[in-house]
Each structure stands twice: as structure tokens, then as C-alpha cells.
Amino acid sequence: MSTRSALAIQPRLPVASLDPAIRFYCEVLGFESPSGPPSPEDQFAILERDQIGLQLVIAGPDHPAGQLTLWIHVADAQAEYEAVRDKTPIEWGPEVYWYGCREFAVRDPDGHRI
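The opening residue of the sequence shown carries number 797 in the numbering used here; numbering runs sequentially from there.
Check before you lean on any hint, since a few could be wrong.
Here are the in silico distance ranges between beta carbons for each label pair [claimed, not checked]: (1) LEU803 x GLN863: 24 to 30 angstroms; (2) PRO833 x GLU887: 25 to 31 angstroms; (3) ARG881 x PRO836: 30 to 36 angstroms; (4) GLY896 x PRO836: 23 to 29 angstroms; (5) TYR895 x GLU823: 29 to 35 angstroms; (6) THR799 x HIS869: 23 to 29 angstroms; (7) ARG845 x TYR895: 22 to 28 angstroms; (8) ALA802 x PHE840: 31 to 37 angstroms; (9) GLU899 x ASP858: 38 to 44 angstroms; (10) SER831 x GLY896: 35 to 41 angstroms; (11) SER829 x LEU864: 17 to 23 angstroms.
Simulated from the structure, these hints should not be mistaken for laboratory data. All values derive from a computational prediction rather than experimental measurement. Just so you know, even glycine gets a beta-carbon here, dropped at the ideal spot from N, CA and C.
Turn these sequences into a full structure, and let the hints guide you.
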């Protein structure tokens with residue numbers, strides 16, 4: 797008998813261009829590209845950070861562009877804020893909300909709120 801177990805979720809974000817999106821997620825948010833930089837004909841990239849996976853795909857008919865919001869839970873939101881505040885504009889925060897979480901937001905080059 798097998799046991800069903802979900803291990804992770806990897807959101808797929810449609811982006812206008814892979815290079816600026818990869819630079820943002822790697823240089824600003826600390827993700828890495830385990831397979832290296834994509835070749836010019838690639839339409840897709842996978843990024844990782846700790847236990848988080850993120851897929852970037854060129855926007856098109858199969859992956860229409862739109863603005864999404866990603867919540868990335870981290871061990872220390874203040875430390876994350878300190879690490880990114882000089883690299884990209886902060887949309888709001890850091891602030892502690894009524895449910896006890898310290899949060900802040902930035903936007904990636906395609907307008908997705910992170």
C-alpha cells in the first residue's frame with residue numbers, strides 16, 4: 797500500500813524575458829539556477845533556493861502574462877529585507893500584521909509581487 801505525500805509546489809511564472817527575471821531572482825532574492833544559465837533558444841528556467849523551486853517560462857499563448865503574488869516564507873523576514881532593500885524598490889513593509897507575520901513586498905521585472 798502506498799502513501800500519498802505532497803512534497804512541494806513549484807509555481808510557474810510567465811515572464812517577458814528570461815534573463816532579467818533570472819537576474820532578479822538570483823541577484824536580489826538569492827535563488828540559484830541549478831542547470832546554469834539558459835541558452836538563447838530556451839523558453840523555460842528552473843530556479844531554486846533552499847527548499848523552494850520556481851519555474852520561469854516565456855509568456856505566450858500557453859502561458860499568458862499576468863501579475864501574480866508569491867508569498868515566500870523565510871526564517872527571518874527582517875534579515876531578508878536588509879539583504880534586498882538596496883537592490884530593488886520595496887513596495888511596502890517590513891511590518892508585523894495582526895496574524896503575527898513580519899512581511900514586506902517587492903516586484904519582479906514583470907510586475908509579480910513577491
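Here's how the hints hold up against the structure:
Taking the beta carbon of each, LEU803 and GLN863 are about 27 angstroms apart, inside 24 to 30 angstroms as hinted. Taking 25 to 31 angstroms as the suggested C-beta distance range, the pair PRO833 and GLU887 conforms, at roughly 28 angstroms. Restraint check, ARG881 to PRO836: a C-beta distance of roughly 33 angstroms satisfies the suggested window 30 to 36 angstroms. Between GLY896 and PRO836, the C-beta spacing of about 46 angstroms breaks the proposed range 23 to 29 angstroms.
For the pair TYR895 and GLU823, the beta carbons lie near 31 angstroms from each other, so the given range of 29 to 35 angstroms is met. Our hint of 23 to 29 angstroms for THR799 and HIS869 holds, since their Cβ atoms are close to 25 angstroms apart. Against the hinted window of 22 to 28 angstroms, the Cβ-Cβ separation of ARG845 and TYR895 comes to about 24 angstroms, which satisfies the hint. Separated by about 23 angstroms at the C-beta atoms, ALA802 and PHE840 break the suggested range of 31 to 37 angstroms.
Judged by the Cβ atoms, the range 38 to 44 angstroms given for GLU899 and ASP858 is violated: they are separated by roughly 32 angstroms. As the Cβ distance of SER831 to GLY896 is approximately 37 angstroms, the hint placing it in 35 to 41 angstroms holds. Between SER829 and LEU864 the beta carbon distance is about 20 angstroms. The supplied range of 17 to 23 angstroms therefore holds.
Violated hints for the displayed structure, listed by number in ascending order: 4, 8, 9.
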